[in-house]
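Build the full structure now, drawing on both the sequences and the hints.
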Amino acid sequence: MIFAVRSTAKQALTAATRRRFTASGSQLATAAAVNANSSTSTPSPAATRDAVASTSAIPYDPSTLPSPSRQQQLVDLRNSIFGTDDVSPHAQLERARDGSKVLKQRLQGPALLRWYGERYTSWKAWNQKFPGLDLVDLQEQQRLADLDARRKRGKVTPKKGQGRRATMKKK
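Following UniProt numbering, the residues of the sequence shown are numbered contiguously, the last one being 171.
Treat the hints with caution; some may be incorrect.
[To be verified] Below are the DSS-like pairs computed for lysine-lysine, each with C-alpha atoms no more than 30 Å apart in a straight line:
(1) K160 x K124
(2) K124 x K152
(3) K124 x K159
(4) K124 x K155
Read the hints as simulated data drawn from the structure, not as lab findings.
In C-alpha coordinates:
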(Lines of atoms letter the chains of each structure in order from A; the text may use other names.)
(Lines give C-alpha, C1' and ligand atoms only; values in the text may rest on other atoms or scores of the structure.)
Protein backbone atom coordinates (compact mmCIF):
# COMPACT_ATOMS: atom_id res chain seq x y z
CA MET A 1 0.00 0.00 0.00
CA ILE A 2 2.85 2.37 0.82
CA PHE A 3 4.41 1.56 -2.55
CA ALA A 4 1.19 2.55 -4.34
CA VAL A 5 1.08 5.87 -2.48
CA ARG A 6 4.72 6.57 -3.32
CA SER A 7 4.24 5.82 -7.01
CA THR A 8 1.12 8.02 -7.19
CA ALA A 9 2.96 10.88 -5.50
CA LYS A 10 5.87 10.42 -7.88
CA GLN A 11 3.54 10.55 -10.89
CA ALA A 12 1.87 13.70 -9.56
CA LEU A 13 5.25 15.33 -8.98
CA THR A 14 6.49 14.56 -12.49
CA ALA A 15 3.23 15.86 -13.99
CA ALA A 16 3.52 19.05 -11.94
CA THR A 17 7.12 19.52 -13.06
CA ARG A 18 6.13 19.06 -16.70
CA ARG A 19 3.33 21.62 -16.37
CA ARG A 20 5.60 24.10 -14.65
CA PHE A 21 8.29 23.93 -17.33
CA THR A 22 5.88 23.97 -20.28
CA ALA A 23 4.26 27.25 -19.21
CA SER A 24 4.80 29.84 -21.90
CA GLY A 25 7.14 32.73 -21.29
CA SER A 26 4.38 35.26 -21.95
CA GLN A 27 2.33 34.00 -18.99
CA LEU A 28 5.35 34.34 -16.73
CA ALA A 29 6.13 37.80 -18.09
CA THR A 30 2.58 39.08 -17.51
CA ALA A 31 2.55 37.73 -13.96
CA ALA A 32 5.88 39.44 -13.27
CA ALA A 33 4.65 42.71 -14.78
CA VAL A 34 1.48 42.65 -12.66
CA ASN A 35 3.54 42.04 -9.53
CA ALA A 36 6.02 44.79 -10.41
CA ASN A 37 3.30 47.39 -11.13
CA SER A 38 1.48 46.96 -7.83
CA SER A 39 2.28 49.83 -5.48
CA THR A 40 0.61 48.36 -2.40
CA SER A 41 1.70 45.39 -0.35
CA THR A 42 -1.55 43.56 -1.18
CA PRO A 43 -1.32 41.78 -4.54
CA SER A 44 -3.91 42.45 -7.20
CA PRO A 45 -6.64 39.85 -7.87
CA ALA A 46 -5.07 39.00 -11.23
CA ALA A 47 -1.70 38.31 -9.60
CA THR A 48 -3.38 36.22 -6.93
CA ARG A 49 -5.28 34.23 -9.56
CA ASP A 50 -2.05 33.61 -11.52
CA ALA A 51 -0.20 32.61 -8.36
CA VAL A 52 -2.95 30.18 -7.34
CA ALA A 53 -2.99 28.68 -10.83
CA SER A 54 0.78 28.22 -10.85
CA THR A 55 0.91 26.67 -7.38
CA SER A 56 -2.06 24.36 -7.88
CA ALA A 57 0.24 21.85 -9.58
CA ILE A 58 2.22 21.28 -6.37
CA PRO A 59 1.14 17.88 -4.98
CA TYR A 60 1.78 18.65 -1.29
CA ASP A 61 0.23 21.53 0.61
CA PRO A 62 1.40 21.78 4.24
CA SER A 63 -1.58 23.96 5.20
CA THR A 64 -4.05 21.13 4.56
CA LEU A 65 -4.14 18.00 6.66
CA PRO A 66 -4.56 14.48 5.31
CA SER A 67 -7.96 12.87 5.58
CA PRO A 68 -8.90 11.35 8.97
CA SER A 69 -8.77 7.83 7.53
CA ARG A 70 -5.25 8.48 6.22
CA GLN A 71 -4.20 9.89 9.61
CA GLN A 72 -5.59 6.78 11.32
CA GLN A 73 -3.61 4.55 8.96
CA LEU A 74 -0.46 6.47 9.90
CA VAL A 75 -1.23 6.15 13.63
CA ASP A 76 -1.86 2.41 13.28
CA LEU A 77 1.38 1.91 11.37
CA ARG A 78 3.34 3.95 13.93
CA ASN A 79 1.80 1.97 16.81
CA SER A 80 2.66 -1.35 15.18
CA ILE A 81 6.27 -0.29 14.58
CA PHE A 82 7.03 1.33 17.94
CA GLY A 83 4.66 -0.68 20.15
CA THR A 84 2.76 2.38 21.38
CA ASP A 85 -0.97 2.74 21.96
CA ASP A 86 -2.62 6.11 21.27
CA VAL A 87 -6.09 4.84 22.20
CA SER A 88 -5.39 4.74 25.94
CA PRO A 89 -6.33 7.86 27.96
CA HIS A 90 -2.77 8.12 29.25
CA ALA A 91 -1.48 8.59 25.71
CA GLN A 92 -3.23 11.96 25.42
CA LEU A 93 -2.19 13.13 28.92
CA GLU A 94 1.41 11.99 28.75
CA ARG A 95 3.17 12.29 25.44
CA ALA A 96 3.41 8.75 24.11
CA ARG A 97 6.77 7.63 22.82
CA ASP A 98 6.47 7.54 19.07
CA GLY A 99 10.11 7.11 18.06
CA SER A 100 10.31 10.37 16.13
CA LYS A 101 13.53 11.35 17.92
CA VAL A 102 15.19 8.14 16.78
CA LEU A 103 13.88 8.41 13.23
CA LYS A 104 15.14 11.99 12.84
CA GLN A 105 18.73 11.01 13.66
CA ARG A 106 21.18 10.24 10.90
CA LEU A 107 22.19 6.63 10.40
CA GLN A 108 25.37 5.78 12.28
CA GLY A 109 26.46 2.65 10.44
CA PRO A 110 28.08 4.21 7.35
CA ALA A 111 29.97 6.78 9.44
CA LEU A 112 31.32 4.08 11.75
CA LEU A 113 32.47 1.98 8.81
CA ARG A 114 34.28 4.95 7.30
CA TRP A 115 35.94 5.75 10.64
CA TYR A 116 37.29 2.30 11.38
CA GLY A 117 37.96 1.18 7.81
CA GLU A 118 38.30 -2.39 6.61
CA ARG A 119 39.38 -5.13 8.99
CA TYR A 120 42.17 -7.48 7.99
CA THR A 121 42.18 -10.40 10.40
CA SER A 122 44.99 -12.40 8.85
CA TRP A 123 48.25 -11.98 6.99
CA LYS A 124 46.68 -13.89 4.12
CA ALA A 125 44.16 -11.07 3.66
CA TRP A 126 46.97 -8.49 3.63
CA ASN A 127 48.85 -10.50 1.00
CA GLN A 128 45.72 -10.68 -1.15
CA LYS A 129 45.13 -6.93 -0.80
CA PHE A 130 48.76 -6.01 -1.55
CA PRO A 131 50.20 -8.79 -3.77
CA GLY A 132 53.78 -7.47 -4.00
CA LEU A 133 54.47 -7.40 -0.25
CA ASP A 134 54.67 -11.18 0.44
CA LEU A 135 54.21 -10.77 4.19
CA VAL A 136 55.03 -13.81 6.37
CA ASP A 137 52.89 -15.03 9.25
CA LEU A 138 55.35 -16.44 11.77
CA GLN A 139 52.66 -18.07 13.92
CA GLU A 140 51.22 -19.91 10.92
CA GLN A 141 54.70 -21.13 9.91
CA GLN A 142 55.32 -22.38 13.45
CA ARG A 143 51.96 -24.18 13.49
CA LEU A 144 52.74 -25.92 10.19
CA ALA A 145 56.21 -26.94 11.44
CA ASP A 146 54.71 -28.39 14.65
CA LEU A 147 52.12 -30.27 12.59
CA ASP A 148 54.86 -31.80 10.41
CA ALA A 149 56.78 -32.90 13.51
CA ARG A 150 53.67 -34.51 15.02
CA ARG A 151 52.88 -36.21 11.72
CA LYS A 152 56.38 -37.75 11.62
CA ARG A 153 55.86 -39.13 15.13
CA GLY A 154 52.35 -40.38 14.25
CA LYS A 155 50.65 -38.08 16.74
CA VAL A 156 48.30 -36.14 14.46
CA THR A 157 44.60 -36.15 15.26
CA PRO A 158 42.75 -38.82 13.29
CA LYS A 159 39.96 -38.09 10.85
CA LYS A 160 36.42 -38.18 12.13
CA GLY A 161 35.33 -41.77 12.66
CA GLN A 162 38.89 -43.11 12.45
CA GLY A 163 39.82 -42.81 16.15
CA ARG A 164 40.36 -45.38 18.91
CA ARG A 165 36.67 -45.83 19.68
CA ALA A 166 35.82 -46.54 16.04
CA THR A 167 38.50 -49.22 15.78
CA MET A 168 37.34 -50.88 19.03
CA LYS A 169 33.79 -51.31 17.73
CA LYS A 170 35.03 -53.18 14.65
CA LYS A 171 36.65 -55.97 16.72
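Comparing the hints with the structure gives:
1. K160 x K124: holds (28 Å)
2. K124 x K152: holds (27 Å)
3. K124 x K159: Distance of about 26 Å is within 30 Å: holds.
4. K124 x K155: Roughly 28 Å separates the two Cα atoms, so the pair holds.
Violated hints: none; the structure is consistent with every hint.
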